[in-house]
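There are 2 protein chains.
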Amino acid sequence: MSKQATSKQTHVSELLDLFRRLGYDGATLAKISQTTGLGKASLYHHFPGGKDEMVEAVLVALEHGSEQITAEMLQVQGDAPARLRKMCDRLSKVYDNGQKPCLLAALLSGSAKDAFRDRVEKLLQLWIRAIATVLTTAGMDETLACQRGEDGVMMIQGALILAQGLQDPAPFQRVMQQIPETLCRPLQ
Amino acid sequence: MSKQATSKQTHVSELLDLFRRLGYDGATLAKISQTTGLGKASLYHHFPGGKDEMVEAVLVALEHGSEQITAEMLQVQGDAPARLRKMCDRLSKVYDNGQKPCLLAALLSGSAKDAFRDRVEKLLQLWIRAIATVLTTAGMDETLACQRGEDGVMMIQGALILAQGLQDPAPFQRVMQQIPETLCRPLQ
DNA sequence: GCTACTGTACCGAACGTTCGGTAAAATTGT
DNA sequence: ACAATTTTACCGAACGTTCGGTACAGTAGC
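The listed protein sequences derive, respectively, from chains A and B.
Going by our numbering, the letters in the first sequence line up with residues 1 to 188, in that order.
Going by our numbering, the letters in the second sequence line up with residues 1 to 188, in that order.
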């Protein structure tokens, strides 16, 4: 079954961890080589495009994972809060309960290429629209639902920064618990 | 009045702009030299400790500015929403209506030293406590006020990331308008 | 024998930092 | 008042190191 102890997918998830923790500039080839256990030559065999192609591969994997989670969320039987709860559960694991930062935020600083910016933008909009779809399906006004989509992504991103900055995952965990209800609350 | 066109404070604010836009690793000495107009050697005259001392100086300036804004907020005559509105007005200028990222978030990625992490943590807690103080003064429960302090910082940080990621300041501006009311809303 | 993969050695460029030195302002001695 | 001296501000060039990336000779598995 497992001919290789370290498949390409394993390497991609190792790269994800590196890039989101250190950013594009901080993740040097030396560190990448060290954490993957691959020499430079091996890295350039798997990713001929170099560092950029590694980020590219990580982003593709992230797009795939995002589409899967959002699709799962929409397939959940139940009301809007139940669906959002499913999303938050999945994302809590992705971010290790707030202990791991978000790649998208990490790629916004430094020498990250403009091509990445486009992918980041697309990914953020994917999540915004997914949340908005859940809310409009539950009968919420279209405009408000879009705002709440933005609010959801915003809260998660902000909670991650707070958790990193305070070196305490508690605020993240609290926010992730409150999000399903907060986003569904009607306009007061 | 202005004997020097470029004072040390000017250089510090230029450094702030560079570090928050490019992060610690992305802000190379070459770029720093270019944007300040000072040669590399001159930079080491003003900041003998090198890049780290530059970040240190920027953080000190940021602490000073934060204490000033939070103090202003507490001196505003009026209810809690009015005070928070003052805070949001000042912060909107600091972040150029969402077009400029936050230094604290930028320093969380990359090779930023642990000494910076402590200062970042202190600064985040300063803001959380300031918001909480406004709310408790207005009669809100202590525990909830602290949570709302976290929520406030979190929303601002998240809104900044969203504005950067979507390359659109609109979500940031909307959130900054809503924050004064959102944070004061009683538990439902 | 052929493809997939890897270790080693190497490259030019850029990194943060230091060196040696210049020009002017401020301070001091008389 | 003025020359001597120190301090301050600045710079170009170079330091050693690390960067991302390449060339090539292998080795393992089919």
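FYI, nobody ran anything at the bench for these hints, they're computed from the structure.
No experiment lies behind these values; they were computed from the predicted model shown.
Careful: at least some of the hints might be erroneous.
[Stated by the list, open to error] Here chain A is said to cover these stretches of chain B; the calculated rule only asks that three of the stretch's residues, wherever they fall, bring their Cβ under 8 Å from a Cβ of chain A:
#, stretch
1, 60-68
2, 104-117
3, 120-133
4, 136-148
Beta carbons are placed, not taken as given, at the ideal position from N, Cα and C, and that holds for glycine.
Each hint, compared with the structure:
1. 60-68: violated (count 0)
2. 104-117: It holds: at least three residues are needed, and the stretch 104-117 of chain B offers 8 whose Cβ sits within less than 8 Å of chain A.
3. 120-133: holds (count 4)
4. 136-148: Since 1 is below three, the answer is violated.
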